[in-house]
Amino acid sequence: MEILILLLALFVLSLFLGVELITKVPPTLHTPLMSGTNAVSGITLVGALLAAGSNGSPMLVNVLGFIAVTLATINVVGGYLVTNRMLAMFKRK
Amino acid sequence: MNPNLINFIYLIAGVLFILGIKGLTKPKTAVRGNMLSALGMLLAVAVTLLTINDVDYRFIVAGVAVGSIVGAVMALRIQMTSMPQMVALLNGFGGGASLTIALAEYFSTIGAAPTSMADMLVPVIADSSAFGVGPEGTIALIAIGLTVMIGAVTLSGSFVAFAKLQELMKNSYGLPGGPIGNALLFLAALASVAAVVMNPGNMAAMLALVGIALLLGLFLVMPIGGADMPVVIALLNSYSGIAAALAGFILGNTVLIIAGSLVGTSGLILTQIMCVAMNRSLANVLFGKMAAGGETIDADEVYAGKVKSAQPDEVALMLEIAQRVVIVPGYGMAMAQAQHAVRELADALEAKGVEVEYGIHPVAGRMPGHMNVLLAEAEVPYDKLVEMDRINPTFEDTDVVIVIGANDVTNPMARDAEGSPIYGMPILNVDKARNVVVIKRSLSPGFAGLPNPLFAMDHTLMVYGDGKKAVIEMTTALNQA
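So the sequence lines, in the order shown, correspond to chains A and B.
Yeah, the first sequence ends on 93 if you go by the numbering used here, and it's all consecutive.
Yeah, the second sequence ends on 574 if you go by the numbering used here, and it's all consecutive.
In case anyone wonders, no lab produced these hints; they're calculated from the structure.
You may find that some hints are simply not true.
To be verified - The calculated SDA-like cross-link candidates involving lysine to any residue, where the alpha carbons are at most 20 angstroms apart (straight line), are:
hint	chain 1	residue 1	chain 2	residue 2
1	B	K119	A	L17
2	B	K119	B	V479
3	A	K24	B	R125
4	A	K24	B	T118
5	B	K115	B	K445
6	A	K91	B	K399
7	A	K24	B	A256
8	B	K263	B	L311
9	A	K91	B	T118
10	A	K91	B	R125
11	B	K445	B	D492
12	A	K24	B	L112
13	A	K91	B	Q172
14	B	K115	B	L135
15	B	K119	A	E20
16	B	K399	B	N572
17	B	K525	B	N485
18	B	K562	B	N572
Claimed, not checked - Pair by pair, the computed Cβ-Cβ distance ranges are:
hint	chain 1	residue 1	chain 2	residue 2	range
19	A	L4	B	A510	50 to 56 angstroms
20	B	I105	A	V12	39 to 45 angstroms
21	B	E443	A	V19	26 to 32 angstroms
22	B	E448	A	V12	43 to 49 angstroms
23	B	P228	A	K24	37 to 43 angstroms
24	A	F16	B	A510	39 to 45 angstroms
25	A	V12	B	G512	19 to 25 angstroms
26	A	L13	B	K445	50 to 56 angstroms
27	A	E2	B	G512	57 to 63 angstroms
28	B	A211	A	T23	47 to 53 angstroms
We put the beta carbon where it would ideally sit given N, CA and C, even for glycine.
All chains should be built: construct the whole structure from the sequences, respecting the hints.
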């Protein structure tokens, strides 16, 4: 239960931090912000790896884990690459 | 590996994500920010790979390989005009990942090994204590249920958003009863969560939850029109983050919670910015049509005999003697792929000593910041892209405004006509400029379905036709002059 409260504290503080940070992002960068946060939400890859199941897991769990790993990896790889592609356009002058 | 060390590395990853978003607050630091964020991801994934053992790596390697190829191909081949579609898909994949993680965790914890649908209809004996001690087990089950629900809504809702943006789905189908139908689906989904929490072995309830939540996402997004897509995409972006944070609670993983809540707030703030820019509440965007209030305005009455049109070369003569020109782009510019042509026109003007800026309305395009990315692709420097509040006071000192493919965001009725459906929506005050040129295919109304008195004003010229072609003709005429 103690851990749960700590996680909750982390969650609430992160929400406040998020508000402070995101409101400072200029409208010009809102599209890269969205694709960039898509990449960050690919952090579910960590969860997917943890949930992908061990050798003894039923097939269903393995298959669900495989889907989770695939989808999260698309977000990570696709998200960071496309964000980088867009931001490079903003950088040049 | 020592769990303290693992959590410490997760903390570093979380800090890198935060620094990454901080980098996005300025165009100059944005690329570095994105790299820092990616480094954080690499750290988090690497340390996780080192901690898991007794794992069937075939599934992980296959998933990472397939995901990397699909992600890279999408990212490198997508056209900038189609960025809303890409973000819609990524939102959906994010929701899908959280959904499948929660399901995997559920099935492995209850220890069921169903091999067919029929197997899942037979409850197994499982107690919430399998998920944790006392109230912790219940809370973990609630987290699983909510992750499944939000993940599934995000998944199906995002695919509908994608289909609408790609114009694969043109009609709007809603549930009978509209918002009431959706509310009933929502309640049914919550009831399924409750059923799973009360009897964790009830796999049929879990299956029902997945089905109902998928339907809910479908019916939430299907009735929403194309011009409201910026709000929908931002909202689904937020959902995908919330689902990730909830998955963090299931697994007791700190970095998932940090990253998920950052994404969740980002999407929510963008949603709010979009709603304010349309002067509509979120509920109105999601469930309402544009208010039909006020007397219906007859387009013929507004336009009759007052609209003047011009050829591109006539506009060029006007542009040549201008000192300051503001270009106002809308979704029509993206549709016509005219961003490069527009930049060439601006170059030609600047070569003649004309000051050129771009006025960007927050909801121009199909996603937040869409116009900015298109113009950046055409190598327009970002300091020329001026947001609404800063460009509006300058229109009075502007000789010519060129409106290309934008309509409702320039409609003066939003400012002047009390009782008009769009009254109160912040607009670009282009009518305050000395001359206005509107490049448009016809006088057809925008998404709001209203005539635009701007088109009939004395100082407005309509240039009918394809946006790209018209702009290129203006540039040619200007260069020859």
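Taking the hints in turn, this is what the structure says about them:
| no. | hint | in the structure |
| --- | --- | --- |
| 1 | B:K119 <-> A:L17 | holds, 18 angstroms |
| 2 | B:K119 <-> B:V479 | holds, 15 angstroms |
| 3 | A:K24 <-> B:R125 | holds, 17 angstroms |
| 4 | A:K24 <-> B:T118 | holds, 6 angstroms |
| 5 | B:K115 <-> B:K445 | violated, 39 angstroms |
| 6 | A:K91 <-> B:K399 | violated, 45 angstroms |
| 7 | A:K24 <-> B:A256 | violated, 32 angstroms |
| 8 | B:K263 <-> B:L311 | holds, 14 angstroms |
| 9 | A:K91 <-> B:T118 | holds, 13 angstroms |
| 10 | A:K91 <-> B:R125 | holds, 11 angstroms |
| 11 | B:K445 <-> B:D492 | holds, 15 angstroms |
| 12 | A:K24 <-> B:L112 | holds, 13 angstroms |
| 13 | A:K91 <-> B:Q172 | holds, 19 angstroms |
| 14 | B:K115 <-> B:L135 | holds, 19 angstroms |
| 15 | B:K119 <-> A:E20 | holds, 15 angstroms |
| 16 | B:K399 <-> B:N572 | violated, 31 angstroms |
| 17 | B:K525 <-> B:N485 | holds, 9 angstroms |
| 18 | B:K562 <-> B:N572 | holds, 15 angstroms |
| 19 | A:L4 <-> B:A510: 50 to 56 angstroms | holds, 54 angstroms |
| 20 | B:I105 <-> A:V12: 39 to 45 angstroms | violated, 21 angstroms |
| 21 | B:E443 <-> A:V19: 26 to 32 angstroms | violated, 39 angstroms |
| 22 | B:E448 <-> A:V12: 43 to 49 angstroms | holds, 48 angstroms |
| 23 | B:P228 <-> A:K24: 37 to 43 angstroms | holds, 39 angstroms |
| 24 | A:F16 <-> B:A510: 39 to 45 angstroms | holds, 40 angstroms |
| 25 | A:V12 <-> B:G512: 19 to 25 angstroms | violated, 43 angstroms |
| 26 | A:L13 <-> B:K445: 50 to 56 angstroms | holds, 54 angstroms |
| 27 | A:E2 <-> B:G512: 57 to 63 angstroms | holds, 58 angstroms |
| 28 | B:A211 <-> A:T23: 47 to 53 angstroms | holds, 52 angstroms |
The structure does not agree with the numbered hints 5, 6, 7, 16, 20, 21 and 25 stated previously, though it agrees with the rest.
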